[in-house]
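Please construct the entire structure, taking both the sequences and the accompanying hints into account.
This is what each chain is made of:
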Amino acid sequence: MNAIPAPTAAAAPATSTNVIDVANIEVIYNHVILVLKGVSLSVPEGGIVALLGGNGAGKSTTLKAISNLLRTERGEVTKGHIHCRGERVDGLTPNDLVRRGVIQVMEGRHCFGHLTVEENLLTGAFIHGSKRRQIADDLEKVYHYFPRLKERRTSQAGYTSGGEQQMVAIGRALMSRPTTVLLDEPSMGLAPQLVEEIFEIVKNLNEKEKVSILLAEQNTNVALRYAHYGYILENGRVVLDGKADALRENEDVKEFYLGIAGEGRRSFRDVKHYRRRKRWL
Amino acid sequence: MLGPFLETLIGGLLTGVLYSLVALGFVLIFKASGVFNFAQGAMVLFAALTIARLSGEIDGKEVHLANFVVAAAILGVAVAFIGWYAWREYVARGAGPGERRRMLVLAAVGALVGGIAAYSYGKGAWPLWLAIAATAAIMGLLAYAIERLVLRHLVNQEGIILFMATLGIANFLDGLGQTLWGSDIYKINLGLPKDPIFLFEGVFPGGLLVDPGELVAAAIAAGLVVVLAIFFQKTRVGRALRAVADDHAAAQSVGIPLNTIWLIVWTVSGLVALAAGLIWGAKLGVQFSISLIALKALPVLILGGFTSVPGAIVGGLIIGAGEKLSEVFLAPILVKQFDLAGGGIENWFAYMLALVFLLFRPQGLFGERIIERV
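Sequences listed follow chains A and B, in order.
The numbering of the first sequence is our numbering, which starts it at 1071 and goes up by one.
The numbering of the second sequence is our numbering, which starts it at 75 and goes up by one.
These are calculated hints, taken from the structure and not from any lab test.
No experiment lies behind these values; they were computed from the predicted model shown.
One or more hints might be untrue.
[Claimed, not checked] Label-pair distances were calculated between CB atoms; the ranges are: (1) B:F272 x A:T1142: 58 to 66 Å; (2) A:G1199 x B:L404: 53 to 61 Å; (3) B:A415 x A:R1144: 51 to 59 Å; (4) A:A1261 x B:V290: 54 to 62 Å; (5) B:G157 x A:V1102: 41 to 49 Å; (6) B:P286 x A:S1200: 36 to 44 Å; (7) B:G157 x A:K1211: 29 to 37 Å; (8) B:V179 x A:R1144: 32 to 40 Å.
C-beta atoms are modelled at their ideal positions from N, C-alpha and C, and glycine is treated no differently.
Right, here's the structure in full:
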C-alpha cells in the first residue's frame, strides 16, 4: 500500500468549499504524448460544472486524471496537483477515490454485459461491503430515480438499450454513495429526447441528493442549459471559462460550439484560435 | 454387454472429473484476468509435492526438520497475510499508513507461532489435515507473490506477454518444487480402501466394479463445483469477479480493486490445483508427469468453453468418458477392420474431439456468447 502523501499547508488550496481542485495539471500518455498542457479547474460543493470542447480536446483525460483511471491507460499526471476537499489525491488508486466519494461514469457506458441490471447496480456498492440494509435502501433509491431499470432488473445488461445502459452506468455509480460524480459524455449515441431525460435526472440528483457533478460534454447546447459553470478546452488547455449563462451569450461560443453564426459566413482565415488565457489560480 | 459398458463409462467419468478439476483452475483465472495460465499444471504438481512431503512417511530417508520449520514459517506468514487482507477488506476500509507495520508484526507473529508449532511437533510427519491446511496457506502465499511480483507489473500488457509470464512461472514452480521437496516419486496416502467395490450386484450379473478412491475424488470435485458456483453467483466478491471478467476498466471505475480480485482468483485456482494434486497424487503417485495433465485440460477447455465453469466440468466428463470408451470399444473394431497393431486411441481422442469443436463450435459447449446489440 502506498502511503498517502500528506497535503502540505502550502499546497492545499485556499478555498475549502470546492470538492475538486485541479491545479495546472499536465498529462502524458505512454511517456511521449502530451495531452493536457496545464489545465486548472474547480468544482464547488453542490455545483454542476461542464467541461466542453471538441474531440481530442482533453475532456475525458481530465476526468480520468481526477478519478485516477488514467494509469490503466498508461497515462500519467506529470505536473500540477489535484485536491479533493483539500486532500491531495493524485497518486491514489481509483478505489481510494471511490471511497472518498469521487466516482467516474465512463464514456460509452461500460456496463457489465453478462450481469443483470440489478447485479450491475450492486457492483457499485462493492466498497460498502456487506451492509445489506444500506445497499437495499440505495437500490430502492436508484430505482426511484430510474423507474425503467426496475422493470428490467433481471435482464442481462448487454441486451438493454443504449439509454437504459446509460441509466445503469449512472445508477451503478450512485450505489457507491458519491459526493461527486464525474460524468463523461452521458449524451453519447442517445436520441435527443433521451438526452433530455438523462440530464433532467442528473439535475434532480444534484438538487435532491446534493451530488456535485463534473460533466464532460460535446453537446454544448444541452450541457450549458443544465450546468452552472463551464470550462472550454481546446488542445489540452482551458481557453475560456465562465458562468453557464455568460458562456451561452458569448459570441465565440455561439459561433464555434452552438453553431449560431453572428453575421453570415466568414472565411476560415478569420476564425480565432484561442491562446491560453487563464493561468492557474 | 451393458455391464462392461457401464463400467468403462463410470471409470471414464471418474477420470474425467480429474480433468475437470484442472480445467476449472484455468477457467477461473481466464475469466477474471483474461490470462491463459500455463502454470496451472505446475501449481498442481507443486501442491501435490508439498502435501506428499509434509504428510508422507518418507521411505527410509531422514526427515529434514528444517524443511518443516521453513514450511511452518511460510504457513504462519501466509495466515498472517490472509488475516491482514480480511481485516483490511472488512474492518478498516481505506486505512492509513500504519498498516504496513501492523502487517509485518502480524506476519512475524505468524511465522513464530508456525515455527514453534513445527518444532514441537518434532521429526514426525504431519497428519494429512495439517499438511493440507499448510499447503492451502502456501498456495495462497504463492498467489500473493505472483500477483505482487509479476502480474501487477504487467497490467495492460498484451495477452501474449502475460502468457509468456505464466510460462516462466510454470518452469520456476517446477524447479522450486524440486529444490524444496526433492525429485523422487512420492505417495499421498488418503487412507482410503484400495479394494474395488461392487455396485448394483442385484441388477447386473457380477455387478459393477468401481474404485472407491475415484468415487471420493468425484465427490470432492462435485463439492468444489457447487461451492464455486455459489461463490460466483451469490456473493459480493463473486459478483465483482464476474464484473472484472466483463470489463476491467469499468470495474475499476466503480471502485473494485483489480489487485485484490487477482489475488483472490489465483488463490482460488491454487486451491483447486491443491484438490487436483491431492487426488492425482493419491491415484498415480506424485511425480513430474503430473504437471503435464495441464495439457489434457486444453481439449477440455476447448470443448467446454474457456469462460464457463459448468463447461469445464461437462467437458472433462465427456473427454474422460470418450477416451475410455473409444479405447475399449472402438479400438478393437479398428484393429480388426484395418489390421492395425493396437490401440492408443486414448492418447489422441481428446485432441481430435477438440479439433472438431474448433471447426464447428469455437466458443465451446458453454462458452459465453459475445453479446452484440444491433
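Checked hints:
1. B:F272 x A:T1142: 58 to 66 Å: With Cβ atoms ~59 Å apart, the hint holds.
2. A:G1199 x B:L404: 53 to 61 Å: Because 55 Å falls inside the window, the suggested range holds.
3. B:A415 x A:R1144: 51 to 59 Å: 58 Å, holds
4. A:A1261 x B:V290: 54 to 62 Å: With Cβ atoms ~60 Å apart, the hint holds.
5. B:G157 x A:V1102: 41 to 49 Å: 44 Å, holds
6. B:P286 x A:S1200: 36 to 44 Å: Given range 36 to 44 Å: holds, Cβ gap about 40 Å.
7. B:G157 x A:K1211: 29 to 37 Å: 35 Å Cβ-Cβ, so the 29 to 37 Å window holds.
8. B:V179 x A:R1144: 32 to 40 Å: 36 Å, holds
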